[in-house]
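Chemist: Protein chains in written order, with our numbering: chain Y, 1 to 109; chain S, 1 to 110.
Simulated from the structure, these hints should not be mistaken for lab results.
Some hints here could point you the wrong way.
Derived BS3-like pairs: lysine-lysine, alpha-carbon spacing no greater than 30 Å straight-line [as the list claims (entries may be wrong)]:
#1 S/Lys57 / S/Lys9
#2 Y/Lys76 / Y/Lys57
#3 S/Lys57 / Y/Lys68
#4 Y/Lys57 / Y/Lys68
#5 S/Lys9 / Y/Lys81
#6 Y/Lys81 / Y/Lys57
Just a sample of chain S residues kept apart from chain Y, beta carbon distances all over 12 Å, derived [said to hold, decoys possible]:
#7 Thr7
#8 Thr13
#9 Thr15
#10 Gly16
#11 Gln17
#12 Gly28
#13 Leu61
#14 Phe69
#15 Pro70
#16 Ser79
#17 Leu81
#18 Glu82
#19 Val109
#20 Leu110
From the three backbone atoms N, C-alpha and C, an ideal C-beta is built for every residue, glycine too.
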Amino acid sequence: GQNIDQPTEMTATEGAIVQINCTYQTSGFNGLFWYQQHAGEAPTFLSYNVLDGLEEKGRFSSFLSRSKGYSYLLLKELQMKDSASYLCAVRDGFQKLVFGTGTRLLVSP
Amino acid sequence: DSGVTQTPKHLITATGQRVTLRCSPRSGDLSVYWYQQSLDQGLQFLIQYYNGEERAKGNILERFSAQQFPDLHSELNLSSLELGDSALYFCASTATGELFFGEGSRLTVL
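Could you build all of it, start to finish, from the sequences and the hints given here?
Modeler: See the structure below:
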């Protein structure tokens with residue numbers, strides 16, 4: 001079966017760094033995505049990893065270890081607007097994009 | 001603006017009724033996905049179409065059906081509606097990888 005696990009909720013302070021972890025077990029693997037979703041809005045694409053290692057994009061970085069079924073999203077220099085849900089999603093062997101339940105991040109002043 | 005258009009944005013209906021949600025993908029995208037998101041829940045994959053053909057199916061109820069037309073727009077039909085069907089329904093399209101999501105259709109079943 002398909003299983004994607006993320007922490008339900010995290011809190012952090014403005015200006016800090018936060019790491020959101022994601023572990024997955026899926027039927028095949030064809031890439032891992034991170035999306036940001038503000039309440040009641042559409043998810044927006046943040047990053048994509050298909051090979052092991054770190055992908056950096058501005059304040060956001062994403063890491064993948066396929067052998068461990070593990071990824072993390074690293075957010076640096078946190079801003080209040082980063083308060084949102086962060087969704088880990090895996091494209092499985094059947095090309096379905098399966099989402100985890102998301103991590104709600106609350107950034108406080 | 002992702003380029004994916006969904007209508008209607010909001011819909012209120014009664015139990016037992018039937019509704020149709022519409023999605024126009026980004027120009028050139030052949031693949032359309034439908035997701036359901038209930039309050040404080042994750043995105044549940046319903047179904048995927050590629051160039052008019054059903055490509056993958058998730059936990060879509062038998063009361064729900066979808067299709068993709070030759071012009072690549074897609075419709076999700078929900079029938080015999082129940083209170084638990086109240087949710088945000090997202091459509092997303094892709095050409096090669098990342099999904100681009102529409103703003104969603106918020107369905108309220110009373």
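Chemist: State for each hint whether it applies.
Modeler: To see whether the hints hold, each was checked on the structure:
1. S/Lys57 / S/Lys9: Roughly 24 Å separates the two Cα atoms, so the pair holds.
2. Y/Lys76 / Y/Lys57: holds (11 Å)
3. S/Lys57 / Y/Lys68: It holds: about 27 Å lies between the C-alpha atoms, which stays within 30 Å.
4. Y/Lys57 / Y/Lys68: Given pair Y/Lys57, Y/Lys68 holds - Cα atoms ~23 Å apart, limit 30 Å.
5. S/Lys9 / Y/Lys81: This hinted pair holds, its Cα atoms lying about 24 Å apart.
6. Y/Lys81 / Y/Lys57: Distance ~17 Å between Y/Lys81 and Y/Lys57 Cα, so the pair holds.
7. Thr7: At roughly 14 Å from the nearest Cβ of chain Y, S/Thr7 sits farther out than 12 Å, so the non-interface label holds.
8. Thr13: holds (19 Å)
9. Thr15: holds (24 Å)
10. Gly16: holds (27 Å)
11. Gln17: Per Cβ check, S/Gln17 is outside 12 Å of chain Y; nearest 23 Å; holds.
12. Gly28: Correct as stated: the minimum Cβ-Cβ distance to chain Y is 17 Å, above 12 Å.
13. Leu61: holds (17 Å)
14. Phe69: holds (21 Å)
15. Pro70: holds (22 Å)
16. Ser79: Non-interface label on S/Ser79 holds, nearest chain Y Cβ at 24 Å vs cutoff 12 Å.
17. Leu81: At about 21 Å from chain Y, S/Leu81 clears the 12 Å cut-off, so the statement holds.
18. Glu82: Consistent with the label, S/Glu82 stays out of reach of chain Y, its closest Cβ about 22 Å off (over 12 Å).
19. Val109: The assertion about S/Val109 holds, with a minimum of 18 Å to chain Y.
20. Leu110: Nearest chain Y Cβ is 19 Å from S/Leu110, so the label holds.
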